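A.B. asks: As a plain string of letters, each chain reads:
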Amino acid sequence: MEALGMGGYGAYVWSCYGLTLIVLVLSNWQARARHKRVYRDIEVRIKALEDRQ
Amino acid sequence: MWKFFHHLTSPPHFYRLAATIIPWLAFPGLVLIAYGSYAGLFVAPEDYQQGDAYRIIYVHVPAAYVSIMAYVLMAVGGGCGLIWRLKLAHAVGAAAAPLGAAFTFLALATGSIWGRPMWGTWWEWGDPRLMSELIMLFLYFGYMALRAAIDETAKADKASAVLALVGVVNVVIVHYSVVWWNSLHQGPTLLKKGGPGMDADMLYPLLAMILGFTLVFGALLARRIRTEVLYRERRTRWVRELILAPGGGR
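Residue numbers (the numbering used here), protein chains in the order written: chain A, 282 to 334; chain S, 14 to 263.
Errors might be hidden in some of the hints.
One side only, chain A facing chain S, incomplete, derived with CB under 10 Å [what the hints assert, rightly or not]:
{"no.": "1", "residue": "Gly286"}
{"no.": "2", "residue": "Gly291"}
{"no.": "3", "residue": "Ser296"}
{"no.": "4", "residue": "Asp322"}
The calculated lysine-lysine pairs, modelled on DSBU-like cross-linking and capped at a C-alpha distance of 30 Å, are [what the hints assert, rightly or not]:
{"no.": "5", "chain 1": "A", "residue 1": "Lys317", "chain 2": "S", "residue 2": "Lys168"}
{"no.": "6", "chain 1": "A", "residue 1": "Lys317", "chain 2": "A", "residue 2": "Lys328"}
{"no.": "7", "chain 1": "S", "residue 1": "Lys171", "chain 2": "S", "residue 2": "Lys100"}
{"no.": "8", "chain 1": "S", "residue 1": "Lys100", "chain 2": "A", "residue 2": "Lys328"}
{"no.": "9", "chain 1": "A", "residue 1": "Lys317", "chain 2": "S", "residue 2": "Lys171"}
{"no.": "10", "chain 1": "S", "residue 1": "Lys100", "chain 2": "S", "residue 2": "Lys168"}
{"no.": "11", "chain 1": "A", "residue 1": "Lys317", "chain 2": "S", "residue 2": "Lys100"}
Worth flagging that the hints you see were computed from the coordinates, not collected in a lab. What you are looking at is a predicted structure, and each value in this text was computed from that prediction instead of being measured. For every residue, glycine included, the Cβ atom is placed at its ideal position computed from N, Cα and C.
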């Protein structure tokens with residue numbers, strides 16, 4: 282528990298590490314979600330064109 | 014050499030190559046961040062002036078470093094796109110901007126949280142390092158807003174590349190702000206003459222975090238460039254073949 286308290290600076294130190302984790306996770310999620318969305322849009326358009334032909 | 018470079022920067026080749034290299038960047042990067050965080054939080058000795066509050070350095074400095082690196086990449090991408098008209102170069106710039114903004118925000122936020130117990134304030138408007146980093150965040154926002162405001166990709170590429178190149182001046186200011194002006198920030202520690210001014214037990218976790226952040230940024234960037242390439246090449250034959258291939262090419 283003493284180690285987690287960070288000599289009285291625990292709130293400052295842990296909030297920075299928490300924020301870092303959030304930024305890394307969100308950046309990864311956003312990159313994956315955008316790729317999926319772009320891929321799906323192109324897939325729908327190309328398959329619609331194929332069906333028409 | 015030129016032929017190899019041309020092959021490397023061809024969109025279909027890069028799209029496939031990036032899928033292969035993403036895990037090779039992400040996993041070592043995450044391992045380094047895990048080691049750096051553990052060693053920085055629990056193994057590195059306490060600072061004689063700042064106590065345990067200094068441990069914020071292990072996320073603040075790597076975030077600030079990546080924020081600058083992303084901007085340089087964005088500007089180099091813009092420059093290469095303007096000069097050599099490389100399709101991939103503009104895609105690099107467009108992909109680097111949101112990541113650069115995220116890491117700049119992280120550097121500013123962790124710096125602000127660190128400043129509260131050490132400087133007695135969340136924010137200091139007169140500090141040149143803080144202000145130049147904030148301007149960099151606005152440059153990222155401006156770059157993204159400019160791209161979003163122009164429908165035609167080629168025009169958006171050119172306009173945003175010019176903005177990125179002009180903003181390079183600010184990167185120099187961010188780096189030298191602590192040398193040129195009085196700042197609450199300390200002077201260069203890692204890149205100073207005579208070697209880093211840190212104890213090895215404090216230094217190694219920091220270097221691991223900087224390398225880890227760089228590798229994870231590289232993985233995220235490669236993923237975003239793939240998406241950019243796919244979108245820009247959506248009307249080409251290779252994308253059609255990729256999508257229609259059994260199993261697709263996500």
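A.B. asks: Hints first: check each against the structure and report whether it holds.
C.D. replies: Quick rundown of the hints versus the structure:
no.: 1; hint: Gly286; result: holds (8 Å)
no.: 2; hint: Gly291; result: holds (8 Å)
no.: 3; hint: Ser296; result: holds (6 Å)
no.: 4; hint: Asp322; result: holds (8 Å)
no.: 5; hint: Lys317/A / Lys168/S; result: holds (26 Å)
no.: 6; hint: Lys317/A / Lys328/A; result: holds (16 Å)
no.: 7; hint: Lys171/S / Lys100/S; result: holds (11 Å)
no.: 8; hint: Lys100/S / Lys328/A; result: holds (26 Å)
no.: 9; hint: Lys317/A / Lys171/S; result: holds (27 Å)
no.: 10; hint: Lys100/S / Lys168/S; result: holds (13 Å)
no.: 11; hint: Lys317/A / Lys100/S; result: holds (22 Å)
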